[in-house]
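In the order they appear, the protein sequences are chains A and B. Per our numbering, the very first residue in the first sequence carries number 25; after that it's consecutive. Per our numbering, the very first residue in the second sequence carries number 25; after that it's consecutive.
What the hints contain is simulated information worked out from the structure, not anything from laboratory work. Given the structure is predicted, the values throughout are model-derived calculations rather than measurements. Among these hints, one or two may not hold up.
To be verified - If you want the footprint, here are the derived chain A segments under chain B, 3+ residues with CB under 8 angstroms:
| id | stretch |
| --- | --- |
| 1 | 31–39 |
| 2 | 42–50 |
| 3 | 100–108 |
| 4 | 127–138 |
| 5 | 189–201 |
By construction, the Cβ of each residue, glycine as well, lies at the ideal position given by its N, Cα and C atoms.
Number of protein chains: 2
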Amino acid sequence: MFLINGQFNEILSIQDRGLHYGDGVFETIAIQDERPLCWDKHISRLNLGCRCLGFNCPAEELLQYEANQLCANTQRGVLKIILTRGQGGRGYKPPESRGMPTRILANYPWPDFPEANAIHGVKIKICNTRLGRNSQLAGIKHLNRLEQVLARSEWDTEDIAEGLMLDTEGNVIEGTMSNLFIAHGDKLLTPDLTYCGIAGIIRQSILALAPEFGMQIGVMPITQNELYAADEIFLCNSVIGIWPVRQLVDHYYEPGLWAARIRGQLIKQGVIAA
Amino acid sequence: MFLINGQFNEILSIQDRGLHYGDGVFETIAIQDERPLCWDKHISRLNLGCRCLGFNCPAEELLQYEANQLCANTQRGVLKIILTRGQGGRGYKPPESRGMPTRILANYPWPDFPEANAIHGVKIKICNTRLGRNSQLAGIKHLNRLEQVLARSEWDTEDIAEGLMLDTEGNVIEGTMSNLFIAHGDKLLTPDLTYCGIAGIIRQSILALAPEFGMQIGVMPITQNELYAADEIFLCNSVIGIWPVRQLVDHYYEPGLWAARIRGQLIKQGVIAA
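Using the sequences and the accompanying hints, generate a full structural model.
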């Protein structure tokens, strides 16, 4: 089900700059009991993204009204919001009127990931496709996602749940659809996203939460070797919640204690779906 | 005028992966006397791009048939072809059927660039927006074009015709919509595009042509200083043809001899519009 500029519809103008240049941003939001989770944080990131690309984010009230329409009667689902700069002629130059971004809201079924992923952990791989570095676009969830598409094309077997991506310098950055944490003693580390990667909402919630558990937080460059040396590794995003990593290539991890504790707390706070 | 999968239409499915991820490639082709110029080269690059992204390029005959429909009665115009991976659900993973890319052909009016640009040259700037480096996506004309959009947003005065973009390492790569050549004695240099940039059709034609003029060709990293030290600089693409650079920031160049000779030859060969 799709709401395009407030109308139930499934078609878009061929002149939309979202198609021509990926000129826009998006959010992927868990719906639970007819409500989008972490709404405020998703809206903040949309605003940040629009500011970064230089177009006006629609009013929160409007997005909230439309999201409510789409979430009604959905106990469990995924709300995707896409905002583009709107229609334009040929050429990269943004149109002079900064008035009319396109807003697209979609209600998708909850994905059928195995429930065991969150409890027993997942097997992951390291992708060959690298992330280019450009601090101007790092962090925001824009529509230029070919690197993720190519990385996700690298495997087609159900036993692999996610692929980690390195940047062109060899730093570990994130999964194709998730952020990454590694635990090492009482330290919880996550890659620095100054040059590439998407700064996820759940990542942000975990960073805010960890000190309550007496964990020292580190946001820093992370090498492949540090992955193998870690006590535990886990992945997060708004839909999967938290997945501990059981196996990375030929390296095995014990089911993670920190992943389980943090996951429990995020569920209790209503940040991720149970 | 738009032809979408063979139908005259102006709307696209909201589920197209071109919108969601920029998952596709495009070409911008000059139309002259009802004919797309350099057709074979544009088709080759589309094929290369589709291969790089891992989906099937539609048959040339089909694209040719549709291009002919759109070019009929157009003496001078711009044909844009967009190919996307087609429709798909949520998630980066490409759908399993590799069958049905979306093809979009559009006939746009010829842009109203001043005719003097090609003769007397243009004033250009250097953009602050940088190009990220990723050899896997370099060269092809894919739909992830936010860097170009942001760079082209940096100026809004008509006296500046183009902006040059550096990569994140500081190498000069290209204009927001054009490739770059610099002439130095009998040497004609153009930036190496191994890590970023679009390998343009006119650039390719110039590289093939230059030895006929007794010029030594160099495809190599180019620094900002080399721009200022050059005898002449010119820009090229399929629509503008060749524009000599008259002024770069506060540096002035004489009207370029090589630019004029190469432009004359490309017009004679039917590579660019007169």
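| said: I'd like to know which numbered hints this structure contradicts. Please list them from smallest to largest. | reply: none
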